[in-house]
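Q: Below, each chain spelled out in residue letters.
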Amino acid sequence: MLNRRPDMPIYMDYQATTPVDPRVVEKMMPFFSEIFGNAASRTHAYGWESEKAVEEARTHVAELINADAKDIIFTSGATESNNLALKGAMDFYKDKGDHLITVATEHKCVIDTARYLKQQGKKLTVLPVQEDGTIDLEELKNSITDQTVLVSVMGVNNETGTVQDLKAIGQICRERGVIFHTDAAQAYGKVELDVEDMNIDLMSISGHKIYGPKGIGALYVRRRKPRVRLTPLIHGGGQERGMRSGTLSTPLIVGFGEAARIAKEEMHEEAKKLIEFKSYMFNRLNKELEEVYLNGSLEHGIPGNLNLSFAHIEGESLMMAIKGLAVSSGSACTSASLESSYVLLAMGKGDELAHTSIRFGIGRFTTKEEIEEATDTVIREVNRLRDLSPLWEMFKEGIDLSTIEWNDEHGGH
Amino acid sequence: MAYSDKVIDHYENPRNVGTLNKESENVGTGLVGAPACGDVMRLQIEVKDDKIVDAKFKTFGCGSAIASSSLATEMIKGKTLDEARELKNMEIVEELALPPVKIHCSILAEEAIKSAIEDYKSKQGK
Ligand SMILES: Cc1ncc(COP(=O)(O)O)c(C=O)c1O
Ligand code: FES
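So the protein lines, in turn, are chains A and B. All residue numbers for the first sequence refer to this note's numbering, where the first residue is 1 and numbers rise by one. All residue numbers for the second sequence refer to this note's numbering, where the first residue is 1001 and numbers rise by one.
Don't read these hints as lab results, they were simulated from the structure. Take the hints with a grain of salt, since some may be wrong.
Calculated cross-link-like contacts (lysine-lysine; reagent style DSS-like; alpha-carbon spacing at most 30 Å) [said to hold, decoys possible]: (1) A:K396 <-> B:K1077; (2) B:K1114 <-> B:K1088; (3) A:K396 <-> B:K1088.
Distance ranges between label pairs, derived from CB positions [what the hints assert, rightly or not]: (4) A:T17 <-> B:D1005: 28 to 38 Å; (5) B:K1121 <-> A:E138: 55 to 65 Å; (6) A:E290 <-> B:V1053: 30 to 40 Å; (7) B:K1022 <-> A:A104: 41 to 51 Å; (8) B:E1086 <-> A:E139: 55 to 65 Å; (9) B:D1050 <-> A:R4: 49 to 59 Å.
Not the full set, but computed from the structure, chain B residues with beta-carbon under 7 Å of chain A [claimed, not checked]: (10) V1017; (11) A1034; (12) P1035; (13) A1036; (14) G1038; (15) V1040; (16) R1042; (17) K1058; (18) F1060; (19) G1061; (20) C1062; (21) G1063.
Cβ atoms here follow ideal geometry from the backbone N, Cα and C, with glycine treated the same way.
Based on the provided sequences and hints, a complete structural model is requested.
A: Right, here's the structure in full:
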C-alpha cells in the first residue's frame, strides 16, 4: 500500500499518470549507480549487464501483447511512439499512398500529428464516433481507398475509457492491406491485447500509465507477416533497429519491464477490484443523486474509468468543491476561449453536459475507504452546488431549459 | 487554478443565495449567460423607494462566477438604483483578485445587476 501525505487529496487521476509501484522502484535502483553501463558497450561487463537487463525488460513488455521481443522499440513514451508510427509510416510508404485514417476522439498527440501530416500534403480522414465512443466499422471500411497507408485507432480512450473493437478493425485493415496502428497508452496492461489475434502492426505504449516510470514507452513494430518499416524521426547511433537512436535509459527500461511483468501477472485480479469499486461508486451516485449521466458505456468501458456528468452544475466549480479528490474535468472553462471536451462533443454530448464532466480514475492503490469518502464528498457537494444553481431550480420547476432564449453574447466567451 | 482567499471564502460561504418572488412588482430579475457557455447567473433585487433593500442570486458557473455574484449582491444591497448601476466589474475584479482569464465572470455579474434593474424599471412602467 502507498502512504498518502496527509495534506494531499485522494488520488483519482489514474488516466493522467500512475504512481510507480514500489516493487518497480526497487528493481530500478541498481541501474542508476551500480550497473550504469551503456547497453551498447560491447567491450566490458558494465555494458553486458545493462544489455541483459534491457533485453529482459523488452521480453516482459512484449509478452503482455503476445509479441516477439525483437519487435519492441523503446521510446520516451506514447507521444513519441505515436509520432514515430504516423510520421514514420506515412513517409516510408509515400510511394504506396498518401492517405491516413484516424478518429475524432484520439489523444492530442495523434490528432495533432495527423493534422501536421495533412499540412505536409497528406490526405486525412477523421472518423466520427457513435454515442458510446466506438467507431462504425462500416464507415471505416468505406473510408479505406487504394491510397490508404495507415489506419490509427486508439485501444482505450483516455477520457471515457471506451474500448474499441481492435480485433474487428485489425481484420478489416489486414484484408485491405493497410497498416493498423493503435495508441494503446490506456489499454496496455488494462485490457487483453494480442498483436497476432488482433492483426496489429504498430502499437504505442507508455510506461507511466502502468505503474512504471515516466519518460519511457515503446512502439511495437511488426517485423514479420507483414514486415512494417518506418522512417526514423531521430537519427544517430542506430539503436533500436535504427528506428530510434540514442543511448537507452537502462533504469527506466528496467522499471517499464517490471511494471509490464507485474501487470501481466495481476491485471485480471486487479480488474475485479476496480470493477467492484466502480460499481459501488456509480450505483450510489445514481441512487442518491438525480440527473447523473455516464459518459462512455459500462459495457465498452475499462474498469478503472468512471466519467460522469452532473447536470446543472458546472465542472470547474464542482472540481473546486471536491478539492479533496484529485480528479480531472472534461470542462476547461479556465480560459477566455471556452473549450468543452472534444471527446465528449464527438460522442454527441451537448455542450452543457460536456461542461460538467468529471473523470474518476480508480487504480491499483485505491482503497475501499477512499472510494467511500470520494462518493460521500461528491454527493454532498453536488447537492450543495445544485442549491446554488439557477438551472437546477428551473429544472425542478419543470421549465424546459432549451426553450429559454439565452443571451450568450456576453463578455469573454 | 489557484484561487484567492476571498474567492474561496465567497465560494464556500456564498452570501445571499436564494430566490425572490419574480412576479412581485418590487422585484427585478436579471438572468444572464448561457448553459452552453458554462455560466448562467440569476440576480434579483427587491426595491423600496428607489433603494435596493434585498438582493439574492443563484449561479451556474465556475468558482469565480459564484464568488462574483455573491460579492455583487453584497455590494448593491442598500444602494440606490442609480448607485448600483454605476458598479463596475473592475471593482469585483479588484476585491476578489481575479486573474485575467476570470474577468468575464465579473463582467457577467455587472450585466446581471444592470439586467435586474432594467427588469424592475420595466415593471414600474417607465
Ligand atoms: C491515449 C493516450 N495516448 C498518448 C498519451 C501520451 O503518453 P505519454 O505521456 O507516454 O507520452 C496518453 C497520456 O496522456 C494517452 O492517454
Ligand atoms: S464561468 Fe467561465 S470561467 Fe468563470
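Q: Could you check the hint for me, namely that E290 of chain A and V1053 of chain B are 30 to 40 Å apart, CB to CB?
A: With Cβ atoms ~35 Å apart, the hint holds.
Q: Holds or violated: 55 to 65 Å for the Cβ distance of E1086 of chain B and E139 of chain A?
A: At 58 Å between Cβs, range holds.
Q: Does R1042 of chain B meet its interface restraint, that is, does its C-beta lie within less than 7 Å of any C-beta in chain A?
A: Status holds, d = 4 Å.
Q: Once the shortest beta carbon distance from G1038 of chain B to chain A is found, is it less than 7 Å?
A: The hint holds - G1038 of chain B has a Cβ within 7 Å of chain A, the shortest such distance being about 4 Å.
Q: So the hint says 55 to 65 Å: do the beta-carbon atoms of K1121 of chain B and E138 of chain A match that?
A: Holds, since K1121 of chain B and E138 of chain A (Cβ atoms, about 59 Å apart) stay within the stated range.
Q: Is 28 to 38 Å respected by the C-beta to C-beta distance linking T17 of chain A and D1005 of chain B?
A: Once the Cβ atoms are compared, 30 Å apart, the range 28 to 38 Å for D1005 of chain B and T17 of chain A holds.
Q: G1063 of chain B was flagged as interface toward chain A. Is the shortest Cβ-Cβ separation under 7 Å?
A: This interface hint holds because 4 Å falls under the 7 Å limit.
Q: Have a go at the V1040 of chain B hint: is there a Cβ in chain A nearer than 7 Å to its own Cβ?
A: holds, 6 Å
Q: Quick one, is the C1062 of chain B hint okay against chain A at 7 Å, beta carbons?
A: holds, 4 Å
Q: Classify the hint on K1058 of chain B as holds or violated, based on whether any CB of chain A lies nearer than 7 Å to its CB.
A: holds, 4 Å
Q: Holds or violated: K396 of chain A and K1077 of chain B, Cα atoms, limit 30 Å.
A: holds, 28 Å
Q: Hinted pair, alpha-carbon criterion (30 Å max): K396 of chain A, K1088 of chain B. Please report holds or violated.
A: violated, 33 Å
Violated hint for the displayed structure: number 3, the only one.
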